[in-house]
Each structure stands twice: as C-alpha cells, then as structure tokens.
Amino acid sequence: MTPPPAASVADMIRPIPVVADSEVNRDILAVMDRPTMPYWLLLGFLVVFVHAAGAVWVYQVYKGLGIAGYAHPIFWGVYIVTFVFWVGIAHAGTLISAILYLFRSKWRNAINRSAEAMTVFAVLTAAQFLGIHVGRIWKSYFILPYPNQRGLWVNFKSPLVWDTFAISTYGTISALFLFVGLIPDFAIARDRSTGWRKLLYTALALGWQGKSNQWKAWNRTVLHLSGLCTPLVLSVHSVVSWDFAMSIVPTWHATIFAPYFVAGAIFSGFAMVLTMMIPVRRIFGLEAYITDYHFDNMGKFILLTSLIVGYSYVMEFFIAWYSGNEFEQTAWWYRVFGPYWISTWTMLVCNTMIPQLLWFKRVRTHVPTLFAVSIFVNIGMWFERYVIIVIGLSHEYDPAVWGIYTPRPAELMILAGSFAFFAMFFVIFIKLFPVIAVSEMKELAIHRKSHAPEGAH
Amino acid sequence: MPLLLGVFETPHRVVEVIGRLRNRGYEDLDVFSPAPFPEVENALIDPPSRVRLWTLIGGLAGVTTGFAMTIWMSLDWPIVVGGKALASIPPYVVIGFELTILFGGLLTLVGLAVHAGLPHGKFGKNDAGYSARFSAEDFGLTVRCKERDVVEVDALLRAFNAKEVSLVEP
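Chains as they are written, first to last, in my numbering: chain A, 1 to 457; chain B, 1001 to 1170.
Since the hints were made in silico from the structure, they are not lab data.
C-beta: ideal position from N, C-alpha, C; glycine also.
There could be a bad hint or two in this list.
As the list claims (entries may be wrong) - Facing chain B, according to a computed beta carbon distance under 7 Å, are these residues of chain A, among others: (1) S22; (2) L160; (3) W162; (4) A166; (5) D191; (6) G207; (7) Q214; (8) K216; (9) A217; (10) N219.
Said to hold, decoys possible - Result set (EDC-like, lysine to aspartate or glutamate): computed pairs, CA atoms no more than 16 Å apart in a straight line: (11) K1163(B) to E1009(B); (12) K106(A) to D296(A); (13) K449(A) to E1009(B); (14) K1163(B) to E1016(B); (15) K106(A) to E443(A); (16) K157(A) to D1076(B).
The following block holds chain A by itself, in its conformation from the complex (with noise of 0.2 Å):
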C-alpha cells in the first residue's frame, strides 16, 4: 500500500467531538450536585450533635468513667455494647461486596458502594468505643505489641489483643476495598467536573484511563480483595463474639457464639443499609438503579439471618434447659423474666417476630413497611447485644456479685452521639464520592446495549 499523500493525512487530524453523556453518569453523578439548604441543615445538626457527644466524651475523660453507669459488678456496659452493635453493622458491607461478588450476584452492583462505605464508618465509629471504653485514652496505645523500655509485650492468649487485631485488619482492608473501587469512579468524576472537586479526583483517580492493563489488574485486584475479605467478614464477629465466649460467664460461654454473631453482625447490617438507602433513594430520585428488586432480595436476606439469629436463640435456651447446669439455668430464667425482662423481650420481639413479616412479597416490596421492619431490627440488634453483655454479667456464679446496672445521661448521648457520627460521615460521602458504583452499572448497561442490536429481544 502508498503511503498517503501528506495532505489527506493533515485532513483526518480533527478534534474528537464532544458528545452527551451517558445515562447512568448523570444520573449517578447528579447525585453529587451542589447541596440544598436542607442537605447543610441536616449536615451541620449532625455536626453540632457529634461534638456535643464529644464534649460529654472529653467531660468523661476529665471526671473519669464513674460518669458511666459501670458499678460493681458490671463494667461492661452501653459502650462495648455499642462497639459490638457497630461491628456488626460493619459486617453487610463486605458481605454484599465480597461474599455476593463471588457468587457472581450482579444485583449487588447497586448497593455495594453504599454498603462498603457504611462498613468503613461503622468500622470507624465502633473503633471510638474502644478508646471512650478503657476510660484513660492516653494509654490505649498498651494494646499494640511495639517495642517499649520495659521490654515487655502483650498477651496474645487474649481475645481482646485478638480484636484489637481484627477490627484493624477490617477497617483497613474495608477501606482499601472502598478505594480501589472508587478508582474508575474517581476518573469519571474527574472527566465531568471542575474547580477544587477537579483537583480532588484528579489526585484520587490516580491518572485512570480504562486501559485494558488497568482493568485487568483491576479486576484481579477486586478478585483477591473479595476472596480475602470472604473469610475476613466471617473471622471479625467470631474473634468480637469470643471477646465473650472464652470466658466463663453463664450465658456466654458458649460455641455457638461465633456463627451466632456472625448471623447477627449480617441481619443488622442488612437493616442498616436498608435504613439509609431508604432515604437516599427517595431523596436523590435513584429508583431506575435502586429498584423494588434489590430491596426485595435485602429483605430476603434479613428474613434469612433472622431465623438463623432467632435459631441461636432458641438452641442457647434450649442448651441451657438439656445441660442440667444450674448456673446455666438460672441465668437464662433471670434474662428472660428477671430485672432486665423488657431489654430480652424488645430483642427477641424486633429480631424473630417482626422480621417474619418479610416471608410476604408485598411486605418486601412495600417501601415504608420495609423501612420500618429494618429500623425494628436495628432495635432490637442493639438491645440484643445489651442483653447479652449486660444480663450476663449482673447474674454470674455467686449471689455476693449479683447487681444491676442502669446506663447513665453520659453513656446514652455518647450512643445517640454514635449515631451521628456515623450519619455525618455517610452525608458527606453522598456529596463527593457516587454513592453507586459507576462503572459496574455500566457494564451492565452496556452488556444489554450490544445485545440489543441482535434483534433477540
């Protein structure tokens, strides 16, 4: 073949021309358009709540944990039940990410980014309690094995160094999961905007293109990620669980905890997500992406962790019944119908029977019903875990330390206070970062696209 005349090769060099968006980014990315006034109301109520909590938190550290309900013989109280409520919600993230990528479950691909994100600020805001927990934060730092004057390091036959461990392998493997796909969503973000929010993806997509070695590695590296946070999910609640279960405490020691929390950590994480993918869907006008279907398989799942969770229920009373243990016997009467009845009853209610309701299709698919369903199970996730650590210790072997404990103004803010911590940092996830993720809808846009022209469907 000639080579061309030098002119007509001048003649191709045209600009490539500017062409419209597809559908699914400026739906997706609309998302991230400049806030209303109610979005910085509702941000800095969240704002002002967080630190009001944290005013009472830096109260606390000055007059010391006293401020706490923690009395003889209980000091094991809202905060570490709230830490184990937080790790649990941590768990539908990774489940939905990992676990449902590789049973190649493409309905995962609208909720997952959201789902990974409130893993990562539930991780977070659960790492808080650790450090309001053990009173004097100066010296949280002990839990780490580093190399001190004293030569000595720490006790790794715990399951609280075993936790410590844990939850910040999963904090740092949620968010790293988080990142790596925000990559390509960064790189559409960047193509698409300007100013300060320009800059800030530009850093963050890390000079992404879509070139076939990016995704190829992208691909694997997504692959790998899900095929370590698999065992990872399933590993954080059984070493939280053990937290209680190595002991000896009645009601606790017990193996079922493991698949028990496990099952519990996926059935509240589920309600969470649906609790404030509710909202968001509503709000943003996101109902072509997040449809009745993946709220109706959500539902399904939750029915399905309830009946494991409501299982485990039974079997402990029933353990406990057929062990002929006395102690056994007596804490499970004293949980049921002692001092604490109504925290045991609020649970077994929110986590057995109202969840029931999801075995009807118009139930799952009825929005306000749904919604109200998941926030009953959150609920009743929290009193679960106050009942378990609480009654547990208020009732153990010997009446001399039997005692009750109520929580205190303190520990209830910092509660209410958790719950606007993890919202702000969600709200303003919504605003910089798509709340769906972006390319995975659009390989599923575009597989329907080039099927289309064969004129099969």
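Dock chain B against chain A, hints included.
Relative to chain A, chain B alone:
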C-alpha cells in the same frame, strides 16, 4: 509514528477489530474502556494478571509474621498465662490469620499499582486520544502505526463499525 483512534460502541466489536489488526501485524494497540470487559482485556493482554503473585507473597509474609511475632514475643518476655505453654499455637492462629489477610490485602494494592501502572501519567494530563467519552459509554481503540499504514488502519477500523476514526497524532 502516527496514532489513530477508533471509537466503538460495543465490546465485541473492539475484540473483533483487535483480532483483525493483530493478524495484519499491528501490535501497538491500546483500549480505553468505560467498564471492565474481560474479553477486551484478554484480547490485548495474554497472561493472567500478575497481581495474584503479590497477594500470595503478602499472604505468606503475613502468616509468617503473625506466628513469628507471637512466638518470639512470648519467649522474649516469658510469663505463663493460664497455665498454657509459653508459645501456644491455637491462640496465635487468630493473629496469624488476621495478618495473612492484612498483608495479603496491602500487597494486592501494591500489585494493582505496579501492574495497572498507577499513578499513571503527569498530574491532570491524559494520554493522547483519551477523552471524557471513554468514561461515558464509548470504547476507544488506539493504534500506533507507520505513516504509510494510516489509510489501511483507518479503513479497517471503519470496516468494523467504528463510530468515528481520528488521527490524534500525525
């Protein structure tokens, strides 16, 4: 050498045209793709991604560190806890496991950076031919060829239903 850019709508067209171009001896090809499509990536890059090696190395380093650290520290400050052996393996499995995941995950990220070439390019500058439409829904195939082949490549790209073909670098 001139660089041509063909814009395509569907991944299978890209795969077809890559096969054709390779048959004709054009090897300097790259694709800008809006979403992951393994068929496109595999058409350009043969072996499975090496990121897997990084994960393996990280995981092995993690499990080794986990057990070595716990055993060594227990022996370095010997104190018997609960009547157990100084270096008792069962509780250390938890630490070994967590560090396997932690190091495996961190090195996977390093692997991503190495094999995806991230961070890529100069800050704020894109590769020749890249445009925002490739983070919308179009695929861009770039072909670097000798000046005398420009017309042939142009015709080839159009023959496979390229929406547009342009010469981005003469």
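Okay, the hints, checked on the actual structure:
Residue-level restraint check for S22(A) holds (minimum Cβ-Cβ distance to chain B is 4 Å; threshold 7 Å). Residue-level restraint check for L160(A) is violated (minimum Cβ-Cβ distance to chain B is 11 Å; threshold 7 Å). Given hint, W162(A) at the interface with chain B, holds; its Cβ is 4 Å from that chain's nearest Cβ, closer than 7 Å. At its closest, the beta carbon of A166(A) sits 5 Å from a beta carbon of chain B; the interface hint therefore holds under the 7 Å criterion.
With a least beta-carbon distance of about 4 Å to chain B, the hint placing D191(A) at the interface is held under the 7 Å criterion. For G207(A), the shortest C-beta to C-beta distance to chain B is roughly 3 Å, which falls under 7 Å, so the interface hint holds. Proximity of Q214(A) to chain B holds as hinted, the smallest CB-CB distance being about 4 Å (cut-off 7 Å). Hint status for K216(A): holds, given a least beta-carbon distance of 4 Å to chain B, under 7 Å.
With its C-beta approaching chain B no nearer than about 4 Å, A217(A) sits inside the 7 Å limit, and its interface hint holds. The beta carbon of N219(A) comes within 5 Å of a beta carbon in chain B, closer than 7 Å, and the hint placing it at the interface holds. Among the hinted pairs, K1163(B) with E1009(B) is consistent with the structure: their alpha-carbon atoms are about 7 Å apart, no more than 16 Å. Distance check on the hinted pair: K106(A) and D296(A) sit about 14 Å apart at the alpha-carbon level, within 16 Å; holds.
With a C-alpha separation of about 9 Å, the suggested pairing of K449(A) with E1009(B) holds against the 16 Å cut-off. The hinted pair formed by K1163(B) and E1016(B) meets the criterion: a straight-line CA distance of about 15 Å does not exceed 16 Å. Between the alpha carbons of K106(A) and E443(A) the distance comes to roughly 10 Å, so the proposed pair stays at or under 16 Å and holds. Our distance criterion of 16 Å between C-alpha atoms is met by K157(A) and D1076(B), whose separation comes to about 15 Å.
This entry does not satisfy hint 2, going by the numbered hints stated previously; all others are met.
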